[in-house]
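**Q** Spelled out from the first residue to the last, the chains are:
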Amino acid sequence: MVSSDSNVRDQYRLLKKIFSKYSKQDLNQMQDLSNKLFVDQGVTFTVYNDEKGTEKIFPFDLFPRIITSKEWQKIEYGIIQRIKAINFFIKDVYNEKFIIRDGIISPNDIFLTNNFVKEMNSLQVPYDIYTHIAGVDLIRNNDGKFYVLEDNLRTPSGVSYMLENREISKRILPGILNANKVRSIMDYPLKLYNKLKSLSQKNNPNIVLLTPGIFNSAYYEHSTLARLMGVELVEGQDLVVKDNFVYMKNAGGLKRVDIIYRRIDDSFLDPLVFNSQSILGVASIMSVYRKGNVVLVNAPGCGIADDKAIYRFVPEIIKYYLNEDPILNNIKTYTLSDPDQLEYVLNNVNDMVFKKTDGSGGYGMLIGRSSTEKEIKNYIKAVKNNPQNYIAQHTLSLSTSPCYVNEKFAPRCIDLRPFAIMGSDGIEVSPGGLTRVALNEGSLVVNSSQGGGSKDTWVLNT
Amino acid sequence: MLSRVANNLFWMDRYMERTNGLLNQIKSNYISNREYGDSKSWKMIFESYFNIDEEYDAQFTNSEEIINYLIFDSNSGNSIINLVSSSRKNCRSVQEHVSKEIWININKYYLFVTSKIIRKKSKYKDPINLIEDLLTYNLLHYSNSDLTQERGNPYSFMNLGKYLERLSISVDFLLYRLLSDKIESDSIKENIFWKNLLLSIGGYQTYIKTYKSSFLTKNLVELILSNPDFPKSILYCLKKLKHHINRLNIFNGISLDNDVFYMISKLESNLKFTKSNQLKNDQLRDYLEEIKAEINSLSYKVNKTYFE
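Protein chains in written order, with this note's numbering: chain A, 12 to 473; chain B, 5 to 312.
Treat the hints as calculated values from the structure; they're not laboratory data.
Computed footprint of chain A on chain B; a stretch qualifies when at least three of its residues, placed anywhere within it, have a C-beta under 8 Å from a C-beta of chain A: (1) 86-100; (2) 105-113.
Here are some chain B residues the structure puts well away from chain A; computed CB gaps all over 10 Å: (3) Lys47; (4) Ile56; (5) Tyr73; (6) Asn82; (7) Lys120; (8) Lys127; (9) Asp130; (10) Ile132; (11) Leu168; (12) Leu179; (13) Lys236; (14) Tyr266; (15) Ser273; (16) Glu294.
We put the CB at the ideal spot given by N, CA and C, even for glycine.
Using the sequences and the accompanying hints, generate a full structural model.
**A** Set out below in structure tokens:
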């Protein structure tokens, strides 16, 4: 919010004026109202510590995060460039494999990971699009620039919170959105529906959203998206493969399904091909997919590109397929299978963050400066045992934003996850996205399962 | 519409209807206990809702404890807390098919009944206040369904569940309540008994208008079996069921001339052409048991036709 010379940046002036008029009581009331709106509407995710599970809300912070239209333009173009290149990469990896033949990436980095889905080899997908829906995690470092932290190309989530946060802001800050000329995001579901529709040759394809069910922690999002797009929400048990097509079991008989937006991991998709113990998927769906009789969104096998090991090659990927310099840069990442890099990293543990290449949700990582000696020792042991399973990055100074915590405003670290959708007519990025907050003081961990919250994100029109 | 979704909508409303019926029974039973001054048996409730035959209420020391059990016991399938949780679970699975108002109300109902605050004795000294607050959510559900739910497939499946449950409740009421309760010979107590009985099924005003104040078993039987204007009567429920089955068959492309339709029509004729007010006690009991059995078969047939 504040620039390096300690003045409130232009875009926040109006907001500061408005907020400074509110008393503590007003702010508490606004906070309570937002919590109540979330709980009443059932905008919850379930945490399973016991059999029943507790429903929690993803904490919402009242103070919006603002991005200027100039800052946004760079982010938008950067993400479009990145997704375009990554999509070419995935196609290449499952077909000619030119990037490997030209020595840019070694075969080990592709074939030895769990994320390479061999069933996708030579499988033709509509319009050659694999990453229809992507969430790219960005942070702003202490040089004021945005960097890409991570790509999420499999089943990225958070869109429903982005939409819900905007609805709540409209309730608790009436009129302010107009005054600030904030770009609307409410047409995201319609845009998504149209992009999905563009993948089929039919005029009126039957599109469904495949969910693991009510016990999945992101169920609220599946249900909301299905409702806002006007498509049927189905579970694996509602679908059946017959005569090389996928059908849904309706009360009056079977109805053909053309496009499936699936929020189920690759490994649970088809028990005949992947994990045979899965009851979430549909048996034989891959054979229908191979025949081209159903479209799967996102395509299986995208995990090969959001692997933390491939992350460090993305700048080269952009250069190789698009012949352009990356608009958005990566964070400098150390490859620990390289002994020199490993040595450097071990000598500077307190300045480093370690991550497992196949980890997610903030688990399996170590932040050097906030860990005990014993924790570090144990972690390093695991790293030395299997160095190619780990990467390291310098601890970042994430940008902060004022958050209303414990009845006063205090800085907390934030990140940004814009969402990009790709159809036969190109890539679109929703203005803003989800801003996640690390609610614990001094923490850098923003994930929902580990004490994270979110804010409404505004991209200005001018 | 997916069979699973249809099933969830059906049960969402069935559970809500059951909750409404049970709460009204509890309320009237408690009031009649207070008026009589002695601990009247809660047998009917335990028998029809919990399938328990023996003198279950003997283990509780007073009515308040029984009410606490009936509302809050998490182990029994038909306690209010479990019924509302089940209804909410079903609703959550089909959120996209019901209006937002319906979902929010059921969710709030669930949050209310599972909150720790309402169990505090200080909040609800009189159980009637708690029951009335709970019933408010049921009433809101009826109005939400009426006003905000569009008249499509989901609406008809909801009504299928609602009216089937109401049928079961009404027939059970006649079998367990009316024919089992010993009516007091004292005329004042007798009137209080009838009034509470009628209030528990929501039929007090209709009865008075139709039969004036002569309380007779045969009149009550006629009211609940075949009064076409009483919303809880079996004939009324059957009419509504027929209407919704017709719509469902059209929406889902099912033959109009199926078993479910046939069974409902048969039951309807049976009711229309039997002079129930001329049946003696034993004959009446047999007749009611026969109707109950037919309603059970109807439930089974509905399940087979739409949900499998």
